[in-house]
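*Asks:* Protein chains in written order, with the working numbering: chain A, 1 to 320; chain B, 1001 to 1254; chain C, 2001 to 2419.
Because the hints were derived from the structure by calculation, they are not lab data.
Coverage of chain C stretches by chain A, computed from C-beta distances (three or more under 8 Å per stretch; other residues unrestricted):
{"no.": "1", "segment": "2193-2206"}
{"no.": "2", "segment": "2348-2355"}
{"no.": "3", "segment": "2381-2390"}
{"no.": "4", "segment": "2394-2405"}
Derived coverage of chain C by chain A (criterion: at least 3 residues anywhere in the stretch with Cβ under 8 Å from a Cβ of chain A; other residues may be distant):
{"no.": "5", "segment": "2212-2218"}
{"no.": "6", "segment": "2223-2233"}
Cβ atoms here follow ideal geometry from the backbone N, Cα and C, with glycine treated the same way.
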Amino acid sequence: MEQFLQVTISGLATGAIFAISAVGFALLWQTAGAVNFAHGEFIMVPAVLILALGTQEPTVGIPDFIPLIGGANIGVALPSAGLPWGLLIGFALTIPIAIFLLGYLFKVSLVDRLLQPGGDDIPLVIATIGLGLFLREYVHEAWFATPQPFPSVFGNGFWRPGGVAISADDIGIIVACTIVIGALQFFIKRTYLGRQMEAAAQNAETARVLGIPVNRMVLLTFAINAVLVTIAGLLVSPAINARWDAGINLGLLAFTAAIIGGFNQVRGALYGGFLVGVIQNWSGAYLSTLYRDAGPLLLLILVILVRPQGLFGRAEERRI
Amino acid sequence: MTKTVDNEPVVRVRNISKRFGGNQAVDDVSFDVTKGEILGVIGPNGCGKSTLFNCLLGQYRPDNGSIELDGIDVSDWSPPRRAKHGLARTFQLLQIFETMSVRDNLKTAAQEHIGSAARRLFMRPDMGLDGEVDDLIERFRMAHLADELAGNLSYGQQKLLDTAMALVSKPAVAFLDEPAGGVNLTMLADVEQQIRDLNVHDGATMVIVEHNMEFIFALAHRIVVMAEGRVLMEGTPDEVRNDPRVVEVYLGGH
Amino acid sequence: MAESVNVPQSKAADGSDALDQPDFENRRDKIAIVDRGRLSPSLIALVSMLGAAVAVMPVGRAGFDGVIGLWFLSVLLLVGVNVAVPLDTRNGQMVRWISTATFVAFMMLFPIGKSGATMTDFGLFAIFGAVVVGMNLTQGFAGQVSLAPAAFLGIGSYTSVLLDMGEEVTVAGVTVDLPDLPFLATIPIAIVVCMLLSVLIGFPALRVRGPWLAFVTLAFSLLVFLVLNNEDGLTRGSRGIRVLRNDFEIFGIDMLPTHNFYYAGLFYLFFSLTVVWWIVRSPWGRALKAIRDNSGRASSLGVDVRNYTLLGFAVGSGLAGGAGALYARQVEYIEPRSYFVNQTIDFFLATVAGGLGTLAGPLIGGSLITLVADYLRFTGDWYRVWFGLFVMVMMVVAPEGLAGSFNRFRAWVQKRVDS
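Make a model of the complete structure from these sequences and hints.
*Replies:* Written as structure tokens, this is what we have:
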């Protein structure tokens, strides 16, 4: 029983991270119709940035950003701030960079050019697979080829209430993700801007007629996605280290979560995320540690077989 | 012109309903299609004609109702299966293979009705269809265009090709969604002539949705009038023409 | 082959097109099937000489030493003739046949006098080329993204090697004594196993249109990797298997020396090309083209979109499986890491960069990830960064790939020459 609780709680923690990354994935799908096969790299790159910007105490440095043209190591000396602070500074610095690179630039340079309304989605799939390779190999070549330890924002504490070992990291992740998700839901459901965004996502044509700046709303979702992946990168990296090849697994699990839960609903992606996290940890604990990822993947194939719109999604009839 | 019709129903449509959200697009529609006839379906815009076609041909799954072909319920069949068993169609918006030649368009439309899938792999690309296809091209007066890419044709010719594609496989019933839509006057008489020709000489059975009243009244043996998703009335062109309800639907709005 | 050029259309939806007859007299783009011209003996002689030069020049030299400039010039001239002569004419067809024959002759004669290392490279090109050919069928002709070619390559490798070794294996506590089959017999088995597996995973994924196959095959790739890596009793896990090359003879010729084995790979590459060419020109090819053009219309005409697409995926996967059997012999050592997702991404990008829906594209793409990659090895792994960037830029600028761009270039040139 203790083990079960322990496994489930850490499953929920992992699941919370998958949930926010899956939400980002689903948002792009809904508003722009964009399937992003570089989503995992979108989580990995901010993590690497955070590490590069935040933990090289006492320097907050911008490492060789563009080694192709021979960038230099520009650093600003910081008073010894302690690790979590460095991390948080790195995080704060990364968010605008992520919004620009993974939000704005991604939308303008790839999505807008490759995704014609009513057109084929395959060119964007191809381009994002290329983008994934580019980001992965770039980090591998320009930054580091070996996994880098990544400290947790929440420290390494442990509690043992009633024999169940609970790590501070897990609890911190669950709390942080709940806050993020709550804030996002509040934004979408309760604020004017958020409702405009939802309207644009559900029916771009009608929204346009109603005077909603659809394009700006789509851009907003890209920005939100960039923030979400940055948070996911910050939270997930302590468990798996900051590594160049983390994106393949992360991306696959994120969109596994999105598909299992249901692509076309933010709610679906949320539930899917938690489900994938818990199932992953259960299959790791009770099946075999070697097959941790097998559970979610089998479930993915099963869901596509039985209910392609996802467990919590609604069926869409293709209009002709 | 002679209008001769057997009384044997080929297609039996029963109680088809389809709802999109709060909008009842098709509401309990039933009718029979008799062998050898041309059945017209008319009605104001948005009365559910195209949705009805999509339900009958398998593009949409109706909420309710069934369609029978020669006494067999085909309601659960996929669109290609229905097509292979003789339910052909065109779409309201032009749907042709623009990067293929006119001849290849027609061969594509005909080839799935010949042989088994495995045998098709080892057949010659023309599949012995050349004669049949060229025949139809000739009749539709497109011989000079046979090797032209379909995308290069004029709109009227593309529309004609679209119709020909539905008819090349000699289907039990061809459902034509506005074959005269957007076709200019010169071409219109031609389209009318081809359709009548196929009906009279080849006994082709057709269900035609059309907005052009003159066109459909001249062609159809029987006409179904739809309004707001329902069948308003059914009768010969003369009966429909003189029915006050039809006039009201078209002139009086709702 | 995607030779067709889309000509700007002058559609008048309202039917206002003057006489509803396109003005053919003033159009350059009409397809003149009627008059295909006469064969020109001097052109044929010129092209044959160029072809012979391209094929024979490297023979007996370690590299292209001494002739590299001349060789490149000949290749360029041959390409130039291909560009200049319209494809629809008899001359064009002949030029194309001679060019194809030149390629075959070049590949056949090339090993003479080459070092073992060079031939290992070329052997790998032939094998990976076959994988890309298969992938191009799935993606270019059937229009579905498969992200599992490396997994199928792996399944093919392990199937072939295990059946060839004929040892005892243990899966989930069950011990099976595998038969010891001759290597040649394991190749069709590998192909069939991969085709069956691909049908199994493709069937649910192709129920609905959309990028589902890409997701499912990606998940499948990871599952395959997990199994290869963890089923110690079957695959020896991450330690890998040292493949012993033995018992591979055809007509009494020992195929094991590197030079001879290259011909096995080359034969398989030609075999793959023939299979794809056959499918594409058969009525199935027309159905696949129709599906890519307008799947809704195709399905309403009786074309079973799902079955045809599934077929394209299955044949593509099967070709990857057979290539896997040869690959294991070529590299003599197999381990799960060789079949991970990054290998798939290589194949995928090669397919796209070469040109989707063409027969020459996969050859270009295959050379990009073997010969060109090997040539660029000095950059560390930077060439992979550039490759990713290249594919992104290409999708924006020229989504038809290198072979497709070549076709477009040829069409452009001929239009210029014409007018």
